Amino acid sequence: MNLPPFQRLVDAHWRDVARLARALAGPVDGDDVAQQAWTQAYAAYPGLTSARNLRGWLLTITHRCAMDLHRSRGRRAVPTDDVVVLAGAAAVDGPESRLIDEDLWGRVARLPERQREAVVLKYVGDLDHPAIAELLGTTPTMSRRLVSDGLKNLRESTR
Amino acid sequence: MNDTLLEQQLHTTYPGSPPLRLPTFPSADVAYVVEDTPVGRILFARNGNGALVASRYVADDEAADLVLDRLARVVSPRVIRLPTALDEARRQFDEFLAGRRHDFDLETDLVLASAFQRDVLETLARSVGYGERETYGGLARAIHRPTASRAVGAALGANPLCIVVPCHRVVGAHGSLTGYAGGVAAKEYLLGLESDTTG
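Line by line, the protein sequences are chains X and Z. In this text, residue positions in the first sequence follow my numbering: the first is 14, and each later residue adds one. In this text, residue positions in the second sequence follow my numbering: the first is 7, and each later residue adds one.
Computed far set for chain X versus chain Z, every beta-carbon distance over 10 Å:
| id | residue |
| --- | --- |
| 1 | Met80 |
| 2 | Thr151 |
| 3 | Met155 |
Short derived list, chain Z residues pointing at chain X, Cβ under 10 Å:
| id | residue |
| --- | --- |
| 4 | Glu13 |
| 5 | His17 |
| 6 | Ser23 |
| 7 | Leu26 |
| 8 | Leu28 |
| 9 | Ala34 |
| 10 | Val36 |
| 11 | Leu77 |
| 12 | Ser82 |
| 13 | Arg84 |
| 14 | Leu88 |
Derived from the structure by calculation, the hints contain no laboratory data. From a predicted model like this one, the values you see are computed outputs, not experimental measurements. A virtual CB, placed ideally from N, CA and C, is assigned to each residue, including glycine.
Extracted from the complex, chain X is given alone in its bound form (with noise of 0.2 Å):
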């Protein structure tokens, strides 16, 4: 099996790994489990027997960790109301990114889970529906309609 160097996959893509984190799990817990992720896919990469979608194979990883982590708080593994969150810098420039809804992302936060999970690993993750099913065990329909709901949500939470 020829797999890339691992600092290839580090390079490209450790950003959407550590957006996905706290996006999943939060400012305060994200960097610990982006960094959780990594350590678990530089163990499990000399056994990998395909070389497709390293990025994919990365952000289920991340998936897992987040959700382990959830698991043993027996919580929300999600930034309480508590918690300040902040949006991050926008990765684009243009008219929207100076629109930053600051409270975003406490939203999306208090969103039910599953469609907290389908939303950011839609938008964050840049899933699509069969891969974001895959993860949360469900239908390609039933992801989508998760999205639409969890963005209904979000719009109608700004009112």
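Fit chain Z to the given chain X structure using the hints.
Then chain Z, alone, in the frame of chain X:
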């Protein structure tokens, strides 16, 4: 707030303040660093046992990627950029390139060399000391393959441990500075350095 803007915000922002944290790795099966030196840009790599496995001239990122691909294939895919792991090797290179060191005190492993290349390189390292020169034909005779000077040249060109295994000390039959992985100017620099500091 319309969905397009909401989706855009979800896509481009994240909770918490920047910066995002880079992952760290305490050690690696292959640790490497790319460093600019007085003789050119060199990729240094060591294996999990701490032995130097590469000190290769890499003119650009593409050349560095080729070396890293080979290390991933031959040693382990767990290749990590870990500059601190190469501190000792870089320190000895600095001293050597400043003329303050004549021999390297480093564990090495010619894992990237073929059996023939290893024979050539080990014979060279053993028999041609600081400030000395050897010819391709002389080295071919030393490995008991007197007609193989062309293959010897190719083996030297593939030297994974440039400078540590001193392929720069091998010159043409009439003393000409023929090709060198780091360029003829680098070869000239190294030979000049060695003749200055041996007085």
